[in-house]
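A.B. asks: Those protein sequences? They're chains S and Y, same order as listed.
Positions 1 to 192 (this note's numbering) are the ones given, in order, by the first sequence.
Positions 1 to 451 (this note's numbering) are the ones given, in order, by the second sequence.
I should point out that these hints are in silico values taken from the structure, not numbers from a laboratory.
Note that the coordinates shown come from a computational prediction; the quantities given were computed from them, not determined experimentally.
In this text, a Cβ means the ideal position worked out from N, Cα and C, and glycines have one as well.
Some hints here could point you the wrong way.
[Claimed, not checked] Computed beta-carbon distance windows for the label pairs:
1) Y:N129 / S:L122: 23 to 29 Å
2) S:A103 / Y:D89: 38 to 44 Å
3) Y:G271 / S:D167: 52 to 58 Å
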Amino acid sequence: MGPDGRLPPSPSLQLLVIGSGPPLPVPDVAARLSRRVAVPCRVEAPVEVLDLDRVPGRDQVDADRLLERIEAWPAAAGVLLVGLTPLDIAIPIFTFVFGRARAGGRAVLVSLARLDPRFYGLPADPALAERRAVDEVLHELGHVTGLRHCDDAFCLMRFAGSVEQVDARGSSFCARCAGRLPRWMGAPPLSR
Amino acid sequence: MTPPLKILVVDDEAIVRDSLEGWFRQDGHQVTAAASGKEALRLAAQEHYDIALVDLKMPGMDGLDLQSRLAAADPELTIILMTAYASVDTAIQAMKAGAYDYIIKPFDPDDLSQLIRRAAEQRSLRFENLRLKRSLEAATAPPPILGASPAMRRVLELVTTVAGTDATVLITGESGTGKELVARAIHATSPRRYNPLVTVNCGALPEGILESELFGHEAGAFTGARGRHRGKFESAAGGTVFLDEIGEVSPKVQVELLRVLEEKRVTRLGGTAPLAVDFRVIAATNCDLQALVKEGSFREDLFWRLNVFTIEIPPLRERAEDILPLAEHFLASFTRAMSRRGLELSPEARKAVLAYHWPGNVRELQNAVERAVVVCNGPLVEPGDLPVHVIASPPRPASGSLADAERDHVRAVLDSAGWNISKAARILDVDRVTLYNKIKRYGLERPGDGA
Chain S
1 MGPDGRLPPS
11 PSLQLLVIGS
21 GPPLPVPDVA
31 ARLSRRVAVP
41 CRVEAPVEVL
51 DLDRVPGRDQ
61 VDADRLLERI
71 EAWPAAAGVL
81 LVGLTPLDIA
91 IPIFTFVFGR
101 ARAGGRAVLV
111 SLARLDPRFY
121 GLPADPALAE
131 RRAVDEVLHE
141 LGHVTGLRHC
151 DDAFCLMRFA
161 GSVEQVDARG
171 SSFCARCAGR
181 LPRWMGAPPL
191 SR
Chain Y
1 MTPPLKILVV
11 DDEAIVRDSL
21 EGWFRQDGHQ
31 VTAAASGKEA
41 LRLAAQEHYD
51 IALVDLKMPG
61 MDGLDLQSRL
71 AAADPELTII
81 LMTAYASVDT
91 AIQAMKAGAY
101 DYIIKPFDPD
111 DLSQLIRRAA
121 EQRSLRFENL
131 RLKRSLEAAT
141 APPPILGASP
151 AMRRVLELVT
161 TVAGTDATVL
171 ITGESGTGKE
181 LVARAIHATS
191 PRRYNPLVTV
201 NCGALPEGIL
211 ESELFGHEAG
221 AFTGARGRHR
231 GKFESAAGGT
241 VFLDEIGEVS
251 PKVQVELLRV
261 LEEKRVTRLG
271 GTAPLAVDFR
281 VIAATNCDLQ
291 ALVKEGSFRE
301 DLFWRLNVFT
311 IEIPPLRERA
321 EDILPLAEHF
331 LASFTRAMSR
341 RGLELSPEAR
351 KAVLAYHWPG
361 NVRELQNAVE
371 RAVVVCNGPL
381 VEPGDLPVHV
391 IASPPRPASG
401 SLADAERDHV
411 RAVLDSAGWN
421 ISKAARILDV
431 DRVTLYNKIK
441 RYGLERPGDG
451 A
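Please model the complete structure; the sequences and the hints are all you need to start from.
C.D. replies: The structure is reproduced here in structure tokens:
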């Protein structure tokens, strides 16, 4: 974040793994994410956050409380924090959410729990889970930059209420949303 | 995704209000949150909302109570109840009270998204339906029939009387009197008004084509009949068939028409199976059908089949009091259509319009006024703007019998002679006694003497 609270023109992404659970393929996610954005992606050592707030009456982490904690994470100026968790997250009003972010925020949160085919009793498919995770991170980063949900069926900013919809909307932004993204959210320039 | 909506979220729990506000904002909707029923009513009184999400259990005013009050304040508001206590009773109660739907907390994100999308689509369909209904009402509204004369008031009474029935109507009257307008008015006020009014000008079509138009044809029925064609009786499909100029129909078609009218079944040309058809018939003619029956050119059985309820439209010359109102109506209408400003008939033009006998009836008057609006330069329509034959014509002859004509002529000559009996007798080429006898017989009085 800049001193005026706005996103710097070219932040760096710092990936945090939050909460214990099945090991996450974070380096692979970071590698995939690096190919989609034009800024460096750094992976932090996994952190154990104790006393995660739960949604009352449910065995799910309160996504909004967790997002607040990530946003308060000590990080250098110009760093956007990407929280990845193997835990199932939700907010009190919804049965689950895939991720959370707020426009103008300095962090996004994505749960890999329901992006993993095994959650639905299907065989493991690491490549699919990683692709979904990267897509979801980009979707939430879109919200951070101020984008709203899009009505284009094949835009990454389209709302997805199920993993089928995550797959159906594809992995790219529509021309209208792409045009509103900051330059760093585009593909990195080819190396000379 | 739905177009941006104005959503009112009503819940006593801040976490619900905040979550839904954030969620809907991400979808581009405008969201306002209220923590109580009272606050919601205040907000709804100040602003119009598309959708209200109302929590069922709230301290003070509960969701069902709030729902009925919100619905009373804005019947177009789509209300969705939110409840943590799922039960069939709750659902039934909510739906009975007019809620669009209800949703159980916590929501599945996709369920909420779909619910809002469905509600938006339903609203859009409801408004589209309303718009179409209004257009349909406007399109099917009865055409205005102008006429304050007793004769036209009688016509309007007859239209009202017969419209609600399914009786066959025969409209008679000279060309240009507005027979089709009366037929449209009957259809537009009848229970068949939302079905088609199909008009067939029987006099304009050769026999073979008229048969095909009326009854339809199968492919190959005759040379050139490449495809199947639905006839007018089939096309009417629950509506009205208006047979204009019925007196011009050939004897062969008369036989076929009679059969269709009696059996309510039609067989397409080249077809074998008769099809049941649902229609009402309104026929019109400017001929004296009874005279045609007498001379043998119109079937008597068809005449009686058509002549169930007759409406006779009098010619314009027999209802002089309708001439000026009609002329002024057409003047206003053409002035608007041609973007002219505030045209009026000059006193001389009024006299000319009243003096003419309008053999072409209302249609001729309409055409004359249209022409006048085109050629008129000033704010007043002058006699010179009217067609030459209107202003050059002799005074409108009296209608009715020879005695009526004589009475009117004698009165006109007396008026022109200033009721000087000798002078008037000379003009009329009769002696004074004869003139006095005629004055007595027709009850003529010098203007001002009758009071």
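A.B. asks: Among the hints numbered above, which are violated by the structure, and what are their numbers in rising order?
C.D. replies: 1
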